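K.L.:
Same order as they appear, the protein sequences are chains A and B. Residue numbers for the first sequence follow the working numbering, beginning at 19 and rising by one. Residue numbers for the second sequence follow the working numbering, beginning at 19 and rising by one.
It is worth saying that the hints were derived from the structure and are not from the lab. You may find that some hints are simply not true.
One copy or two, it doesn't matter: identical chains are merged, so the pair holds either way.
[Claimed, not checked] Here are the simulated DSSO-like cross-link-like pairs (lysine-lysine), alpha carbons at most 27 Å apart as the crow flies:
#, residue 1, residue 2
1, Lys-116, Lys-235
2, Lys-249, Lys-349
3, Lys-254, Lys-148
4, Lys-116, Lys-98
5, Lys-254, Lys-349
6, Lys-152, Lys-181
7, Lys-254, Lys-116
8, Lys-181, Lys-235
9, Lys-231, Lys-116
10, Lys-144, Lys-231
11, Lys-235, Lys-98
12, Lys-170, Lys-144
The structure displayed is predicted, hence computed values, not measured ones.
This is what each chain is made of:
Protein chains: 2
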Amino acid sequence: MYRPQNLRIPGPTFVPQSVLAASARPLINHRGPEFAALLAALTRALQDFLRTEHDVLILTASGSGAMEAAIANTLSSGDKVLAFSGGAFGERFAAIAKAYGVEARRVDVPYGRAIEPDLVRDELAKEKGKDGAKAVLLTHNETSTGVLNPVKDIAAVVRESGKLLLVDSVSGAGCSELEIDEWGIDVCVTASQKAWGAPPGVSMITMGPRAWKAYEKSNLPKAYFDLGSYKASLEKAQTPATPAVTVFIALQESLRLMAEEGLEAIIRRHRDLARATRRGLQAVNLQLFADERYASPAVTAFRPPARVDARNLIRILRDEHDTIVAGGQGKMEGQLVRVAHLGFVTLQDIVAFFSALELTLRDLNQPVEPGIAISAALRTYAESTQQQSSRPAARAASRPAADPVATRR
Amino acid sequence: MYRPQNLRIPGPTFVPQSVLAASARPLINHRGPEFAALLAALTRALQDFLRTEHDVLILTASGSGAMEAAIANTLSSGDKVLAFSGGAFGERFAAIAKAYGVEARRVDVPYGRAIEPDLVRDELAKEKGKDGAKAVLLTHNETSTGVLNPVKDIAAVVRESGKLLLVDSVSGAGCSELEIDEWGIDVCVTASQKAWGAPPGVSMITMGPRAWKAYEKSNLPKAYFDLGSYKASLEKAQTPATPAVTVFIALQESLRLMAEEGLEAIIRRHRDLARATRRGLQAVNLQLFADERYASPAVTAFRPPARVDARNLIRILRDEHDTIVAGGQGKMEGQLVRVAHLGFVTLQDIVAFFSALELTLRDLNQPVEPGIAISAALRTYAESTQQQSSRPAARAASRPAADPVATRR
Numbered sequence: 019m020y021r022p023q024n025l026r027i028p029g030p031t032f033v034p035q036s037v038l039a040a041s042a043r044p045l046i047n048h049r050g051p052e053f054a055a056l057l058a059a060l061t062r063a064l065q066d067f068l069r070t071e072h073d074v075l076i077l078t079a080s081g082s083g084a085m086e087a088a089i090a091n092t093l094s095s096g097d098k099v100l101a102f103s104g105g106a107f108g109e110r111f112a113a114i115a116k117a118y119g120v121e122a123r124r125v126d127v128p129y130g131r132a133i134e135p136d137l138v139r140d141e142l143a144k145e146k147g148k149d150g151a152k153a154v155l156l157t158h159n160e161t162s163t164g165v166l167n168p169v170k171d172i173a174a175v176v177r178e179s180g181k182l183l184l185v186d187s188v189s190g191a192g193c194s195e196l197e198i199d200e201w202g203i204d205v206c207v208t209a210s211q212k213a214w215g216a217p218p219g220v221s222m223i224t225m226g227p228r229a230w231k232a233y234e235k236s237n238l239p240k241a242y243f244d245l246g247s248y249k250a251s252l253e254k255a256q257t258p259a260t261p262a263v264t265v266f267i268a269l270q271e272s273l274r275l276m277a278e279e280g281l282e283a284i285i286r287r288h289r290d291l292a293r294a295t296r297r298g299l300q301a302v303n304l305q306l307f308a309d310e311r312y313a314s315p316a317v318t319a320f321r322p323p324a325r326v327d328a329r330n331l332i333r334i335l336r337d338e339h340d341t342i343v344a345g346g347q348g349k350m351e352g353q354l355v356r357v358a359h360l361g362f363v364t365l366q367d368i369v370a371f372f373s374a375l376e377l378t379l380r381d382l383n384q385p386v387e388p389g390i391a392i393s394a395a396l397r398t399y400a401e402s403t404q405q406q407s408s409r410p411a412a413r414a415a416s417r418p419a420a421d422p423v424a425t426r427r
Numbered sequence: 019m020y021r022p023q024n025l026r027i028p029g030p031t032f033v034p035q036s037v038l039a040a041s042a043r044p045l046i047n048h049r050g051p052e053f054a055a056l057l058a059a060l061t062r063a064l065q066d067f068l069r070t071e072h073d074v075l076i077l078t079a080s081g082s083g084a085m086e087a088a089i090a091n092t093l094s095s096g097d098k099v100l101a102f103s104g105g106a107f108g109e110r111f112a113a114i115a116k117a118y119g120v121e122a123r124r125v126d127v128p129y130g131r132a133i134e135p136d137l138v139r140d141e142l143a144k145e146k147g148k149d150g151a152k153a154v155l156l157t158h159n160e161t162s163t164g165v166l167n168p169v170k171d172i173a174a175v176v177r178e179s180g181k182l183l184l185v186d187s188v189s190g191a192g193c194s195e196l197e198i199d200e201w202g203i204d205v206c207v208t209a210s211q212k213a214w215g216a217p218p219g220v221s222m223i224t225m226g227p228r229a230w231k232a233y234e235k236s237n238l239p240k241a242y243f244d245l246g247s248y249k250a251s252l253e254k255a256q257t258p259a260t261p262a263v264t265v266f267i268a269l270q271e272s273l274r275l276m277a278e279e280g281l282e283a284i285i286r287r288h289r290d291l292a293r294a295t296r297r298g299l300q301a302v303n304l305q306l307f308a309d310e311r312y313a314s315p316a317v318t319a320f321r322p323p324a325r326v327d328a329r330n331l332i333r334i335l336r337d338e339h340d341t342i343v344a345g346g347q348g349k350m351e352g353q354l355v356r357v358a359h360l361g362f363v364t365l366q367d368i369v370a371f372f373s374a375l376e377l378t379l380r381d382l383n384q385p386v387e388p389g390i391a392i393s394a395a396l397r398t399y400a401e402s403t404q405q406q407s408s409r410p411a412a413r414a415a416s417r418p419a420a421d422p423v424a425t426r427r
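Hey, can you work out the whole structure from these sequences and the hints?
P.N.:
Written out as structure tokens, the structure reads:
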């Protein structure tokens, strides 16, 4: 039976047809000239999107593998790091450091709250001197709670301290502002199946000059994730081990689509769709989980109605209304619903999500006025884009017809 | 311009159209019921093909990542291992161990020669007692030289010693005899883009009971490759991090095709096509590199004609005749040509290779009687399959018409 899914989880995100088709091309030699050209072009395109002139290395591993590479290539056993965390992925970054014998002092903020620059400043003040932390671990977009941490301002604080800044931007890069060189981020990781709208299996890691200096001194064991070998291979336009060729090819096609839209327009689209999503949820009295000031452009977490288990709501959305969302992770299981608006997502996808959600609420005996969430979302979106149109510079880019993803299917 | 390639490298191997099409299906939730069913079915199918009732864990990483997992999950810092090597991949296995602070005593055999059970017995005799090696690292099919090491007999020797046996069968599994449980192999790794005929990006690792016992004591750092977390996740039909979903789906389709053919028939086909390839090469006076007694069913290495750089021959094959083969690795660069007959390969592919090779030899002013290599290959193949037909038990399976891959394109 034909039942297309509206995939609204924060990765794997929706993959456009042309990207899927690219991934199904016949295999090529990963040591031949065709792959060499692909790898060089992919690397340049990623440097553009990640706003760095330094190294971008592409790993055949998911984002967690790249997070491990960030640790293993810059730190040594017994080193101390300051690990800020506001959710499952902040916790994971610290846990990876600990697995490598790095002392990770975790500074937690409550789930749903952002890591604020003042907190980072205060904690860094405790880490002065030779025994202080060598690096700061930071999550950019905390996928588990829907919080976008203010990396720009935090990076400025970390820079003053002279410590290394390792950023997990697995789900932040490509959908929110991120200026790797300008902000002074030493290592940053992201993954193919997030904003990039490609299949999972590939992750990307940036290494700035301070990170390479740290690499020289790092004594943590590394082989598959040894970024020195990636850099040496890249000079021959190769990878040290066999790469996930089909995902690389897919990623090149998704980056082509993204370049047509333009990074600024992509960031604006995410911000506007996220806002529309929040207003739509509030219109049906669902409680948003994250601090509104730091609401994620990638994913919105909300509480189910009173006395409803989130897992039940998620199951009905899936089984009855073909809409796939995520639940809470770890200690938030059963308490949260997370709907993503990440990657190649359009206003129509959000409208479809709300039509499914309204029907699900009815199924849960929580009926709402039909269309009320959709109307709120559409009104909010119209307001956002209208404001942009009134600013002359933004006019051309904000015209919906210019959006190449609008007609993608 | 339409110029299909005859991809004759030892991985990525040719991927059938139905496998490519499977990999281009819309993405699914890696935490949902559809992926859970896929992972469970994939795991069972791999247990069948790898002849093990113990754990098969599927990693989002290439084969080198799984080799690292084999080391990091069973050994501890300061442990000693005995690393047998006859080529680039034997060397890599030892190098990974060293990167983790494991003392790897390398025992090298000349390139092109096999690691023989007597050598293993002699070397193990030096490793008795508390300070002896804890494990043996062994390459099954040495892709860089085209040698298939006699793992069955070596495993019997290693079992007597009580040491762990870690086998790199990245390019051996699925195309040659391999009885993981019966032979007593503790850890074995393979990868999607080899005999399995799926795109690269996924590797598989088996863990037997002795390996899990070693895991409990292992203190090497591991996070992304922590097999304990893979096993725990598998019990929920999940993976610890986001898996390469599209490659998993492709692998399921290629395993379906392989199950239709049957493992015994696949092994026979590889053996017969390898033999036909060797006889074809000899018919045009090209010197085979590997010891004939241990010739690989996956890949055949040969020397270029006198005074011809292998790289030049490989370039002409590629640029003029659309046939992609591999060269020598490391110190063998420029001295070897490697042609693969691995995965979904048919007699027609071998014929096509020889037609390209004959033309290339002509281009290199080494003309040969047109069709002489092809005839030798066809004659050898006919002899092999005729012998099988005369054995009643083999008759049904050896009929070419029953081979599902013959009409695959």
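K.L.:
Could you run down the list of hints and mark each one as holding or not?
P.N.:
Against the structure, the hints:
When the C-alpha separation of Lys-116 and Lys-235 is checked against a cutoff of 27 Å, the pair qualifies both within a copy, at 19 Å, and between copies, at 17 Å. For the homomeric pair Lys-249 and Lys-349, the shortest alpha-carbon distance between copies (21 Å) is at most 27 Å, but the shortest distance inside one copy (39 Å) is not. In this homomeric assembly, Lys-254 and Lys-148 never come within 27 Å of each other (Cα to Cα): the closest approach is 39 Å inside a single copy and 45 Å across copies. Proximity of Lys-116 and Lys-98 under a CA criterion of 27 Å is satisfied in both settings, with 10 Å inside one chain copy and 25 Å between copies.
In this assembly of identical chains, the alpha carbons of Lys-254 and Lys-349 lie at most 27 Å apart only when taken from different copies (17 Å versus 46 Å within one copy). Proximity of Lys-152 to Lys-181 under the C-alpha cut-off of 27 Å is restricted to the intra-copy arrangement: shortest distance 6 Å within a copy versus 40 Å between copies. For the homomeric pair Lys-254 and Lys-116, the shortest alpha-carbon distance between copies (25 Å) is at most 27 Å, but the shortest distance inside one copy (34 Å) is not. When the C-alpha separation of Lys-181 and Lys-235 is checked against a cutoff of 27 Å, the pair qualifies only within one copy, where the shortest distance is 15 Å, while the shortest distance between copies is 35 Å.
Taking the shortest alpha-carbon separations for Lys-231 and Lys-116, both the intra-copy value of 22 Å and the inter-copy value of 23 Å come in at or below 27 Å. Only within a single protomer do Lys-144 and Lys-231 lie at most 27 Å apart by alpha-carbon distance; the minimum there is 24 Å, versus 42 Å between protomers. Taking the shortest alpha-carbon separations for Lys-235 and Lys-98, both the intra-copy value of 15 Å and the inter-copy value of 25 Å come in at or below 27 Å. Taking identical chains as interchangeable, the C-alpha atoms of Lys-170 and Lys-144 lie at most 27 Å apart only when both belong to the same chain, with a minimum of 21 Å there against 59 Å between chains.
In summary, the structure is inconsistent with hint 3 from the numbered list given earlier, while agreeing with all the others.
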